[in-house]
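Engineer: Each chain, written out:
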Amino acid sequence: MTAAAFVVLALAAVGFGYRLVAGPSLTDRVVGVDGLLVVGVSALAVQAMQTGEGAFLPVAVVATLVGFVSTGIVARFIEGAGQ
Amino acid sequence: MTGQVLALFGAVLTLLAAVGVVRFPDVLARMHALTKASTLGVVLVLVGAAVTLDNPNDVTSLLLAAALQVLTMPVGANLLSRATWRAGQETRSGLTADSQEGVV
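Note that the protein sequences, when read in sequence, are chains L and F. Per this note's numbering: the first sequence ends with 83, consecutive numbering throughout. Per this note's numbering: the second sequence ends with 187, consecutive numbering throughout.
Since the hints were derived computationally from the structure, they do not count as laboratory data. Owing to the predicted nature of the structure, the values given are computational and were not obtained by experimental measurement. Just so you know, even glycine gets a beta-carbon here, dropped at the ideal spot from N, CA and C. A couple of the hints might just be wrong.
[Said to hold, decoys possible] Examples of chain F residues lying across from chain L (beta carbon under 10 Å, computed):
#1 GLY93
#2 ALA94
#3 LEU111
#4 LEU117
#5 THR118
#6 LEU129
#7 ALA133
#8 ASN138
#9 SER144
#10 LEU147
#11 LEU154
#12 LEU162
#13 LEU163
#14 GLY171
Here chain F stands alone, though its shape is the one from the complex:
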C-alpha cells in the first residue's frame, strides 16, 4: 500500500513535468521543468516498486535504476543546456543580462 501511494505520487510528479514541458515558453525553462520534476518522480515510482516487491533481484534492479537516474539526469541536462546556450541565439531573446558571457 505504501509503495502504491509512492508510485502514484511519482506518476503525478511526472505529469506535472509534462505540463511544464508543454506550457513553458522557453527551451531552457522546459528542460528545467523536465529534469527537476521528473527526476524525483521516477525515483519515487522506482522506490515504491522496490518497497512492494520482495524478490532481491527485482529490488536490486529498481534501486540501481533509481541511482542511475539521480546520477545521470542532471549531468545530461547540463550537457544539453550548455550545448543549446552555445549554439542558439534565440534562447537569449527574453533576457536582459547574460551572466554566462565568457563563462560557458
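Okay, chain L solo, but in the shape it has when bound:
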C-alpha cells in the first residue's frame, strides 16, 4: 500500500512540475514549487512508514517552514514588481 502511495505522489509531482515549467505567470511557478514541496513532505512520511525508521522526519518540519518563508518572500517580490 505504501508503494501505491508512492506512485500516486509521483503522478502528483508530474502535474506540479508541469505547472512549474509551463506556468504563464510567476505565481503559477510558486504554486508549482509549493506543490512539489507538499509532495516531498508526504514522500518523506511515506518512506518513514515503509521502513519503520523516522530519521528523516525533522526534515519535513524544516521543509514546511522554509516553504512558508519562501512563499512570503516571493509574494512580497510580486507585490513590489507590479507597482
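Got chain L sorted already, so can you dock chain F onto it with the hints?
Structural biologist: Quick look at chain F alone, frame taken from chain L:
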C-alpha cells in the same frame, strides 16, 4: 493498516490537487486547488505515518509538521493571492464584478 489507508487517501488528495493545478483556467483558481486539497492531503499522510510509527520522536516530528502545515498553508496562500491581485490585471479578465475594489 489504518495508517497506510490514511496515507494512501492523503496521496490521492494530493493527486487531485495536482489535477486541479494543471487543469484550472485561472491563477487564483489553481492556487485555491492546491491550498485546499493538499493541506488536507499532507495532514492525512502525516497523521497516517504518526499512527503507524511508535517512536515518540517520530510521532512528535510528524504531528509538528502537520500542525505547521495547517497553520502556514492558508497564510501563505493569502499572502500570495493578495500580491497577485494587487500586481496583475490579467486575473480580472474573466470577472464581471470586483468585490475587492478598494479593499485589497
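Engineer: Kindly indicate which numbered hints from before are broken by the structure, ordering the numbers from low to high.
Structural biologist: Of the numbered hints given earlier, the structure breaks none, since each of them holds.
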